[in-house]
Amino acid sequence: MNTLRYSLLFMVFTFVGITSTYAQEDDGHLSKIAIGLSAGSQGGGLDVSKNVHPNFNIKLGFNYFKLDDFTQTLTFSGESMNTNINIDFTNVELLVEYMPFKTSSFKIVGGLAYLVGNNVQAVGEYADNVTFGEVTLAPADIGTLEIKSEWAQVAPYFGIGVGRAVPKRRVGFGFDIGAYYAGSPKTTITGTRLLEEMRTQQETLETNLSGYSWYPRLTLRLAVRIN
Amino acid sequence: MKNKYTYLFSAFALMILGVLTQCKDPLEGFAIAVNTSVFNHEANIQLFDPQDQTRLEGNQVLNIEILGKDASKVVNNAGDKKFAAQDGVVSIALKDQNLTEPAEFVVKVSGEDYLTTTIPVTIDPEDSLVDLSSFLVNMSNPPEGVQTVSEKTSLSQGKLTTSFTVETPTTEPSCTNVTIPAETSFMDADGNTLTGGQLEVQVANFDSRTSDAIESFPGGFAPTEVVDENGETQDDISFITAGFASIDMYVGNKEVKEFSAPVEITMQVNSDYVNPITGEGLKVGDKIPVWSYSNDDGTWEYHTEGTVSQGENGLEVIYETTHLSWYNLDFYGTRCRTGSSTVTVNLPGVTADDGYRLYSDIVYAGTSQPITSWSGKTTTWYDGKTFNYYNAPSNVNVQVVVYSGTSRYRKGELLYTSEPFNLCSGAEVSIPASQFISQIPKLENVTIDYTGYCGDNIVEPSTYLYMYDPNYGYWRYVGYVYKGSITIYGVELNRPYKFRVYYNNRAYEHELTLTSTYMVDDSYEIPDTFCNRFF
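Chains as they are written, first to last, in the working numbering: chain A, 1 to 227; chain B, 1001 to 1535.
Derived from the structure by calculation, the hints contain no laboratory data.
Cβ coordinates follow ideal geometry from the N, Cα and C atoms, glycine included.
One thing to keep in mind: the hints can contain errors.
Calculated lysine-lysine pairs in the DSS-like style (CA-CA distance at most 27 Å, straight line) [as the list claims (entries may be wrong)]: (1) B:1483 x B:1498; (2) B:1095 x B:1081; (3) B:1442 x B:1377; (4) B:1159 x B:1024; (5) B:1081 x B:1377; (6) B:1081 x B:1108; (7) B:1377 x A:186; (8) B:1024 x A:186; (9) B:1498 x A:148; (10) B:1287 x B:1254; (11) A:66 x B:1024; (12) B:1254 x A:148; (13) B:1442 x B:1498; (14) A:186 x A:148; (15) A:102 x A:32.
Beyond 10 Å from chain B on every Cβ pair, some chain A residues (computed) [claimed, not checked]: (16) 45; (17) 53; (18) 67; (19) 78; (20) 119; (21) 139; (22) 144; (23) 173; (24) 191; (25) 193; (26) 205; (27) 209.
Now the in silico label distances, taken between C-beta atoms and shown as ranges [stated by the list, open to error]: (28) B:1379 x A:152: 47 to 53 Å; (29) A:128 x B:1125: 27 to 33 Å; (30) A:140 x B:1193: 50 to 56 Å; (31) B:1112 x A:203: 50 to 56 Å.
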């Protein structure tokens, strides 16, 4: 919790610090501020942006992406399992946009995100009963399988896009494509009862997921300049 | 310029796509891994023919029936209602996964040329594994201290024309004599008169001084409950036997349970037997309670009070009965719930890690009769090791006996007998094990991790494991493989061992040469029945 607090404070102070510094050099254009609403692979987002230089905007944003109790029947090694999936990739990010061309809204974006939620969790149990002669084992008797993958909480972001964070006109649209780098996930497998031995599969799964270190982001954004 | 952006976007998108497509299928090589702990409550009963265990090989030698109030809850270890003794091992489980009250049932064992016996089983809610064992009596080749006789006579219209006497060999230290009066007719368990033309009488006499004979005592000497002389159930009785006998009769193929007239039973008792009430040798006029045992419900019930009299061949107790069962001349006392003594091993320099595997027991002082069927323990001996015996018999002296073997059925040499002491006195008893431990060869403890497969899926077995040990000459229970892992105590390294497990009344055998104290066997055979049912 302290890490979260410090990261958020860091981002807010950085945002305020940078915008204040550049505000002192206001040439009549640089004090423009915009509020943005976005949607995309990172979920729904809300941000505030400030134009700090003719070629730079800075943006402090919050993206909410949480999926609770999404139930799906998945097949693990030929066995059907009713699986309850929870995903949380909610983040707070501080991004800097560089617009190399005055006549174009093309931009290169970089920054840091703090992943408040950084995990995917799936809890499954057998979809059907298993019968041993006169004994029927219900899925709960067989046990549950829990897989949890957790990424690093601080993730750099790289991307490109079109559409200024602080639009020249009152309203502007933008499109971003990029990726967060969160490193390889740490994966744990926990089984109960007869599935307790699923822990032996942790290494296999962790190896398979080691390449899942980039979290792609495609975003559509609507921005409104407020001054 | 626009083209330049298009190229830039495309390149970036392709780069991200490239990163993503490098990712593996998360479930590639991912298998379902399970253990076979299907049942929360299991019991294994190993049956012994002390004269020749090989006679019990296979699953056709003995008939197994499950009787008693909770019989319907019992299945075999594959979940089926087919019961058998594979190589003398009966593997059963409870259907109820969450037992709230003790499950009580009786395992009835019969077989051609074997004396029918029953084993009462109680599985408490906290019991996950119950291990029991019992000696069987082969009528043609009985254990030491057991004398058997089987004789036939003709019936006329279902009745004896003259009185008929059957007696176990009198050359033995003790014997049992059964006399059926003329005109007696015979009834089955439902009270129906049996009308066959031939009566067969089987009598087995058990000498109280012989450990093999005593091991055959049905239900053990501290039964879960008995019905006393007032018809009340007692759950803290402790028997001290002066001898017991089994009497079975058949008319045709039907088992006789009752008679139209009382049958007289004479049981010889040993004059050197110490009466635990008087503390002196048995003598004429001493009273000994006679108990009868039902093979159908596994309960001992007070039958009558026997009086010791002088017979032609020594002291004897004569009584009558109108029904058939085991009969037991048994003094009895109560058991102490708390305050039992502590037995401590004195073995300087030996720790639990390098201890010795030994079999020990508590017997009534001056006898070879264990105080209970569970007082015998095979465990690791080291300095400071303590033994506590709960529910010990009150007000009676006992002795600790230590053997060189690791099994109650192959005890090995008697190494040590302690001074008599009262287990309920709270006394501290020390065993000077360093005096005799040098006679024991040093053996190793080996941990084995087993893994088997059902196709690509991984199975870590949970099962009772038996090992054939030429030193013992039978498949010896060496422990429970729990979720794929077991530690086997007291084995020699660098020699092959054969192992068996029993599933669904079948034996699965594998061989393993134990070369180190940690072994991995990833070719464990998982029964097809399990694979087909689980996957």
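Now for the hints, and whether the structure bears them out:
| no. | hint | result |
| --- | --- | --- |
| 1 | B:1483 x B:1498 | holds, 20 Å |
| 2 | B:1095 x B:1081 | holds, 10 Å |
| 3 | B:1442 x B:1377 | holds, 19 Å |
| 4 | B:1159 x B:1024 | violated, 85 Å |
| 5 | B:1081 x B:1377 | violated, 32 Å |
| 6 | B:1081 x B:1108 | holds, 15 Å |
| 7 | B:1377 x A:186 | violated, 47 Å |
| 8 | B:1024 x A:186 | holds, 16 Å |
| 9 | B:1498 x A:148 | violated, 42 Å |
| 10 | B:1287 x B:1254 | violated, 35 Å |
| 11 | A:66 x B:1024 | holds, 24 Å |
| 12 | B:1254 x A:148 | violated, 65 Å |
| 13 | B:1442 x B:1498 | holds, 21 Å |
| 14 | A:186 x A:148 | holds, 8 Å |
| 15 | A:102 x A:32 | holds, 16 Å |
| 16 | 45 | holds, 19 Å |
| 17 | 53 | holds, 21 Å |
| 18 | 67 | holds, 17 Å |
| 19 | 78 | violated, 7 Å |
| 20 | 119 | holds, 14 Å |
| 21 | 139 | holds, 13 Å |
| 22 | 144 | holds, 13 Å |
| 23 | 173 | holds, 16 Å |
| 24 | 191 | violated, 8 Å |
| 25 | 193 | violated, 7 Å |
| 26 | 205 | violated, 6 Å |
| 27 | 209 | violated, 6 Å |
| 28 | B:1379 x A:152: 47 to 53 Å | holds, 51 Å |
| 29 | A:128 x B:1125: 27 to 33 Å | holds, 28 Å |
| 30 | A:140 x B:1193: 50 to 56 Å | holds, 54 Å |
| 31 | B:1112 x A:203: 50 to 56 Å | holds, 55 Å |
When held up to the earlier numbered hints, the structure conflicts with 4, 5, 7, 9, 10, 12, 19, 24, 25, 26, 27 and fits the remainder.
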